[in-house]
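Just so you know, the protein sequences line up as chains A and B, in that order. Mind the numbering: the first sequence is residues 1 to 114 in this note's numbering, read in order. Mind the numbering: the second sequence is residues 115 to 227 in this note's numbering, read in order.
Each hint should be verified, as a subset may be incorrect.
[Claimed, not checked] Which stretches of chain B does chain A cover? Using the computed rule of at least three CB atoms under 8 Å from a CB of chain A, they are:
1. 157–163
2. 216–224
[Claimed, not checked] Listed next, the in silico DSBU-like pairs over lysine-lysine satisfying Cα-Cα at most 35 Å (straight line):
3. B:Lys183 / B:Lys226
4. B:Lys140 / B:Lys183
5. B:Lys226 / B:Lys184
6. A:Lys57 / A:Lys15
7. A:Lys11 / A:Lys57
8. A:Lys57 / B:Lys170
9. B:Lys170 / B:Lys140
10. B:Lys183 / A:Lys57
11. A:Lys57 / B:Lys184
12. B:Lys226 / A:Lys11
13. B:Lys183 / B:Lys170
14. B:Lys140 / B:Lys184
15. B:Lys170 / B:Lys184
16. B:Lys140 / A:Lys57
17. B:Lys170 / B:Lys226
Keep in mind that the hints were calculated from the coordinates and are not lab data. All C-beta atoms in this analysis are idealised placements derived from N, C-alpha and C, irrespective of residue type, glycine included.
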Amino acid sequence: GAGVSQSPSNKVTEKGKDVELRCDPISGHTALYWYRQSLGQGLEFLIYFQGNSAPDKSGLPSDRFSAERTGGSVSTLTIQRTQQEDSAVYLCASSSYRVQETQYFGPGTRLLVL
Amino acid sequence: SQQGEEDPQALSIQEGENATMNCSYKTSINNLQWYRQNSGRGLVHLILIRSNEREKHSGRLRVTLDTSKKSSSLLITASRAADTASYFCATDPGLGNAGKSTFGDGTTLTVKP
Chain A
1 GAGVSQSPSN
11 KVTEKGKDVE
21 LRCDPISGHT
31 ALYWYRQSLG
41 QGLEFLIYFQ
51 GNSAPDKSGL
61 PSDRFSAERT
71 GGSVSTLTIQ
81 RTQQEDSAVY
91 LCASSSYRVQ
101 ETQYFGPGTR
111 LLVL
Chain B
115 SQQGEEDPQA
125 LSIQEGENAT
135 MNCSYKTSIN
145 NLQWYRQNSG
155 RGLVHLILIR
165 SNEREKHSGR
175 LRVTLDTSKK
185 SSSLLITASR
195 AADTASYFCA
205 TDPGLGNAGK
215 STFGDGTTLT
225 VKP
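Please construct the entire structure, taking both the sequences and the accompanying hints into account.
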């Protein structure tokens with residue numbers, strides 16, 4: 001079946017604008033993750049959704065960042081009042097269950113804040 | 115600070131040689147995974163090793179885990195130019211830290227034809 005998809009592939013925005021990044025996980029996967037990857041760096045955990053449980057938002061860097069997951073499937077990561085330091089690749093992953101299961105990653109959204 | 119730390123940061127070898135990358139971590143884990151990332155792409159899962167396992171093989175990949183030293187190694191044998199990529203380890207802390215697998219900064223492997 002289809003893998004994890006993300007849109008847009010690339011996003012260029014001006015400082016101060018809001019952006020929305022979308023993730024479509026693999027059908028039936030209950031867990032969904034958002035990460036941020038700066039150039040040449042590892043992945044920074046942002047937020048985690050598991051089924052109907054309250055999301056773990058402990059990795060969100062500021063209150064400008066928020067995420068929703070509607071109907072247990074599609075997720076949207078919103079960054080308000082973007083700053084230049086928000087420029088990075090935002091990766092989404094899903095898994096069928098968390099413990100002892102692998103994460104399947106989407107291709108990412110490259111965000112550039114001018 | 116990162117839970118998983120890979121070394122070396124960069125590795126350059128000739129095709130046919132073996133490549134070894136190491137990962138060290140700080141706290142107890144439920145399992146450890148290795149991922150590969152081609153330039154500008156998402157990560158692809160390579161192999162998972164559980165905390166009660168010491169060695170695992172998958173094709174040309176061999177992963178070891180030493181929980182007493184809190185370290186893991188990824189060996190790629192008979193490397194090919196197509197193995198050129200960044201390799202990341204990710205540690206799963208298990209219960210109580212749901213979803214918080216942490217990734218290191220990766221090892222960039224270049225395999226010269």
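Note to self: I'd like to know which numbered hints this structure contradicts. Please list them from smallest to largest.
What the structure shows: none
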